[in-house]
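Working from the sequences, and respecting the hints, build out all of it.
From first to last, the protein sequence lines are chains A and B.
Residues in the first sequence are numbered from 4 upward in steps of one, following the working numbering.
Residues in the second sequence are numbered from 4 upward in steps of one, following the working numbering.
Heads up, none of these hints are tricks.
A pair holds if it fits inside one copy or across any two, identical chains being indistinguishable in the list.
Calculated lysine to aspartate or glutamate pairs in the EDC-like style (CA-CA distance at most 16 Å, straight line):
| id | residue 1 | residue 2 |
| --- | --- | --- |
| 1 | LYS807 | GLU756 |
| 2 | LYS549 | GLU609 |
| 3 | LYS713 | GLU55 |
Hints listed in this document are in silico derivations from the structure and should not be mistaken for laboratory results.
Number of protein chains: 2
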Amino acid sequence: MTKYVYLFKEGNASMRNLLGGKGAGLAEMTRLGLPVPRGFTITTEACNRYYEDNETIAPEIESEVFATLAKMEEITGKKLGDMKNPLLVSVRSGARASMPGMMDTILNLGLTDKVVEVVAELTNNPRFAWDSYRRFISMFGDVAMHVDKSHFDAAMDEVKAARGVKGDLELNAEDMKEVAQKMKAVYQQQLGKPFPQDPKEQLLTAVKAVFESWNNERAIYYRHMHDIPSSWGTAVNIQEMVYGNMGETSGTGVAFTRNPATGQAGIFGEYLMNAQGEDVVAGIRTPFPITHMAEQMPECYAQFKEIAATLEKHYGDMQDMEFTIERGKLFMLQTRNGKRTAFAALQVAADMVKEGLVTKERALMQIDPSSLDTLLHPNFDQEALKAAKSIAKGLPASPGAASGGIVFSAEEAFEVTQSGAKVVLVRTETSPEDIVGMNVSEGILTVRGGMTSHAAVVARGMGKCCVSGCAEVSINAEAETMTIGDKVFKKGDWISLDGATGCVYDGAIATKPASLTGNFATIMQWADEIRELGIRTNADTPKDAKVARELGAEGIGLVRTEHMFFAEDRIFAFRKMIVAKTVEERRKALAELLPIQQGDFEGIFEAMKGLPVTVRLLDPPLHEFLPQAEEDIVELAKALNITVDSLKTTIHDLHELNPMLGHRGCRLAVTYPEIAEMQTTAIINAALKVSTPEQPMVAEIMIPLVCDIKELQFVKRVIVKTADKIIKESGKSLKYKVGTMIEIPRAALTADEIATEADFFSFGTNDLTQMTYGLSRDDAGKILECYYNEAIFESDPTAHLDTKGVGQLMRIATEKARAVKPEIKLGVCGEHGGDPASISFVNTLGFNYVSCSPYRVPIARLAAAQATISQKK
Amino acid sequence: MTKYVYLFKEGNASMRNLLGGKGAGLAEMTRLGLPVPRGFTITTEACNRYYEDNETIAPEIESEVFATLAKMEEITGKKLGDMKNPLLVSVRSGARASMPGMMDTILNLGLTDKVVEVVAELTNNPRFAWDSYRRFISMFGDVAMHVDKSHFDAAMDEVKAARGVKGDLELNAEDMKEVAQKMKAVYQQQLGKPFPQDPKEQLLTAVKAVFESWNNERAIYYRHMHDIPSSWGTAVNIQEMVYGNMGETSGTGVAFTRNPATGQAGIFGEYLMNAQGEDVVAGIRTPFPITHMAEQMPECYAQFKEIAATLEKHYGDMQDMEFTIERGKLFMLQTRNGKRTAFAALQVAADMVKEGLVTKERALMQIDPSSLDTLLHPNFDQEALKAAKSIAKGLPASPGAASGGIVFSAEEAFEVTQSGAKVVLVRTETSPEDIVGMNVSEGILTVRGGMTSHAAVVARGMGKCCVSGCAEVSINAEAETMTIGDKVFKKGDWISLDGATGCVYDGAIATKPASLTGNFATIMQWADEIRELGIRTNADTPKDAKVARELGAEGIGLVRTEHMFFAEDRIFAFRKMIVAKTVEERRKALAELLPIQQGDFEGIFEAMKGLPVTVRLLDPPLHEFLPQAEEDIVELAKALNITVDSLKTTIHDLHELNPMLGHRGCRLAVTYPEIAEMQTTAIINAALKVSTPEQPMVAEIMIPLVCDIKELQFVKRVIVKTADKIIKESGKSLKYKVGTMIEIPRAALTADEIATEADFFSFGTNDLTQMTYGLSRDDAGKILECYYNEAIFESDPTAHLDTKGVGQLMRIATEKARAVKPEIKLGVCGEHGGDPASISFVNTLGFNYVSCSPYRVPIARLAAAQATISQKK
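Put into structure tokens, the structure is as follows:
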């Protein structure tokens, strides 16, 4: 029988998939003998079972929960609902991957009208007891029963108004009791039933609420953003309550073993005395730096430092911990690998290797390759920054440079950016509801909250610039303005944020490219030592080629020869070619294009000298190059010296119902071999010009959209005939290769035939994915949102390679091709070539290389190394 | 070492692939001891080798040809170019499949300036010798050297004019010599070199010409029309000449063992005395019926009859034979299975079983399933026919009913029919160049030529109505008119042909459905006894369902629920549904559609009562239902009571770049589950209404365009919830199934997952083919022509299942699905479901059924039986 519930002491760190990150961390800390409040975890499998059973908790799971609860009661000596020694618990979510703030938590569970009195007596603190009860009623009503929180807040406000006070702390025990009573009345009124007085009923309802929260909107959005499958489910942790709000010897905090923004070694974090954990994370009160604790609670601090060091060493990674001090006693509530900025990740990795804590391999595995992206994007130009006026300073919560128009709500951020505008989101504090708006903003500025506030944590996760706790900013929500000093900023006014310093600037500031030395260079070198995949780039210009080479590209995997034709000075000649009515006319127009195209190739070959370059023959449907608007058609007809009607006929003839499945790719070369001849001539001439005996140029000519070997044979004949003639006439020697893209399912299925004619295969996973799914990327928008909401798709298959379907075709093609030609070179040049998960997959197939956009080259280098490391295990 | 050349006596009937049909027939007849002029065959492999070697004959093949020639010379005692006993040969093509008149033939090869004198002396017939020589020069110049035939004809005409004669027969030996000299001069003038005097050079050139003719335009077209792969190649037959034109005891003829138009038993054919074989086939002189030979050449006739009987028995099929009588001696020049009309095919099959000549299985294998099509199409309404005026009568060369406007050339037929017009092609005689024009015409009427003329043979092959040898018709090519009696018909005037009687009518005549009793019923019954595949139909209306049921359909494999919405009275309600902005509005519009849709299903279920019916949920993209023209948009907006702008926005929003890969199929049901609910309601309500305890209705609900199991799960949940509720409320019991189409590559690749949720799979091979090829059927036109010409594609993959690629996916899906659910029902409902080759393929996969359009049901029944028979072997 499946075991669905584990006491903390029954679990360990390796059970993360089953117990969730939090549950596994609590179990491991318990195992290590650290001070952890006792409790148990309901597994992620129970969550999946809950959904399988149409959102009900199966009887066997229910009885297992209560049986385990009984064991916990025995261990703690406390009992849920007991009138002598009542057990109070927290009920928290905890998925396999950290999803901070996305799901639900209920604290103080076990309080009832009777138990609250017992607690008041036992703690000798009636105010604390009633405060806890009213918190529980409100949280339970909100989270488990979906009563709008504002109804409960109103009850609190009423009592405050009646007492003529403003802060919660000014309310005494009697006041809190009144608040609790009023909140119970709200509960009854909103739900038509009384607040439950049976703690076991409370518990089951809370567990159900946590399961439900796995599928709330923001959790779905977060999962989708971070590629977390909905099938993982969340675990639920039931844990004895400890209280950081029991007076001046109590407190609560959050800390990292190293600085998550910079990577600097040494404990880094914040705490609040006489507060509950949520107060720190929510950023309502600005907390103290953790170092301050050394003075305030020296013993606890020393103990905590030791625990932190133990955990970091034990996990071999930077830890992110939560703790609570209850009347002078330290309790650990969480430990997990800490989220960090890319900058910090490099620093931590480099330091931990230097400190001898981890191997290079292990250090590389700690870094999220995708996060490197943030390092490659420009930072503020330092000269421009000096000239700019810093108008305020907050906490450097997440590095990066952001300029944009001010917006004051997440919804507004989303709306405004739909039209392509850039915004900076300014909030008093952020909450999990703001996640969509944060994601579309350039940067986030908050008035309250520390380095571990919601805004800071989420922004770092997104690699998004964030300045938090900037108290100099004063927001007038109603007027939609913010004031700094005496300057009033309206909605839409531009400001800039420097996430590395916490500085806020008036207006926009110029940026400059990132520098990639130091830790970056070190880590890349380690990655290069380990990885087996070659990394090439997709580049269409000498400039792109140079950038990619600097970022470590080992060649070009894809030069798209059509992008060149869109340029103002070429499109005309190209259009002449398209409207040509005879082969002779077409040849004439092509002759004009030849020197232009040859010049482009020379530039690219020169930039990549000594490295291989794959040039793809013309691919897109010709209609893409012709105008659609009436006035453009008239103008073009005049320029081409043909009638408007004739041009319109040509445009009409070129129109296709499904151009992706139409007259494009090698089909152009088959119907108009003279185009392939011209392109081959340009490639070979350019290669001859650039090639030297010391650095011989190897041009790789790639034929797109092949679905049958005979197409490849036909076009290859044209290429070889043209190329060999030119080379012979030049009197020089030059090697070239002819290969094909595998981007049509049939090409993959008949790869054993196609391979016999190809020197290399480059998988065009963009088209291959679209055809394998029968789903056009351009038209998928409307469908995808609904598919994510219904958890039909977990991620966009054009972003992450679908290993099950598309990957299966790639495996079939690889096996078939290698069976007839073991030496065939295999690569990927679709956009998946820069995606770590996809890179990991093609590494399992033993591909020779991936090719990606220039700025993703470092990501691919690291991802390739990680693939090798994890697949060696 | 490969053997490329076989003496006739070295071959046999089983070597058809290697020796071609003609070569294998000559070898088999030689083996049987029949009188066959001696010779040898150069294999089809030599032809392929010729193309592999860039259109040259490899030295080893050349020497093998001459070595075999030497053996032939030894056997015959004659020698090529010999001055005492010269060998003259014919050089004829002969592919694996018969391609009448499509490739080249050269006769009288071996004649030179010197040899012609020897022949004149040996035959004591100088006129015959010189006539043969001038024929050879002209044929060689035309066929092998591509000199336009008109140049040679001009030489002949010159001599005739000088002599003041009209017919060839009026020229004497001297005249013929002059013609030959003039033709040699033409040859020299056109080619800049003399007519070759080395018979071996003549031979190699002729062989080369035959190889080349494999790829002439009309051969490519014919192959494409009959799905003959270009990789088969043609063999070349070198055979000692025998002459039917050596005077009144010589002759030549063509005969069938049974009547190829009606199937009637008894020798049927035609011959001409003192003529060469080509004269009969070309239809220049109208020949005698073969029975006449019994009087004219009784001994030869008796011998021929015996040979015919032997051959029919030996081959177990109706034979098509060519023979020549040289000075009273009979020679067999060819035997092959005879082409016949569908009507004749049924008769022959039924008779041969009755006569005990073949088994039912063998008889079924003789019938081309596709040809049945011609029997199913309407014939002239007999009442209308009686009222019509027969204006002329020719030979009933190929049965069927045709009405159309007159055209006088094949080119014109092609042009006029491009716009959808119907034409009857009227020609003095047809030639192989006319094949394209014949194919697009409704029927063919020729003035000259018999039942075995080119027009007759080709028309029967095409299942096209043909009246030949209608001497009452007089064509004025220049004026583009034809006269019958005193009535002049202009181009475009309508006439009608009855291919079964040979009658020609003025104007159009009404038609009525074919009757399918007698032999048709017998053959179908045999097919049903043998076949393993179920045959269903694709039908969207009760009428189609009834027709299909009468034609033997065992259920419906595909009801397209969208076709119904296009009807005038429904489209408006459907459009309201499309433009709905909210779920409520959409539900309201759907409620209007529900009774209409339910009524349709009731009608279809009633028509198919007792048999299974598969209904597919809404499939096409919604934009297909909205107007595009401005005026239609304005009208619709008014009717819908919305603004034109609002409607235009909806239309614009629905526009997709690649609609085939867009928002359609089950994606509609996922985004608008209320549509699936309405359709399920309509299906289940209709099934409940029609179902009786005696004839329970089993509705099969089919979900289209699934690419992932989760889509299927989602839509299935909607269906099951809706259906179960209705059934429960009805208080009746009703079974229904839920299955899916497999039409996206990914669905095939993940069939093991999808099968767990599906009661059945129906392969939508139309879409599956398009996606597997990355080629849209709607846009392929421009490409396909070029692809056929370059032999990249042999046939349209949407017409014949591509077993290599698409079939591979089907095999993968079948194996994966059966591995997890052995009982899953598998079918095909794409257009391939009615294609014999495709049916044969799915029979190898062990599918449960194919579903095709109503009129293809009999074809599918026969094809399925053939598949079982041939796969049992």
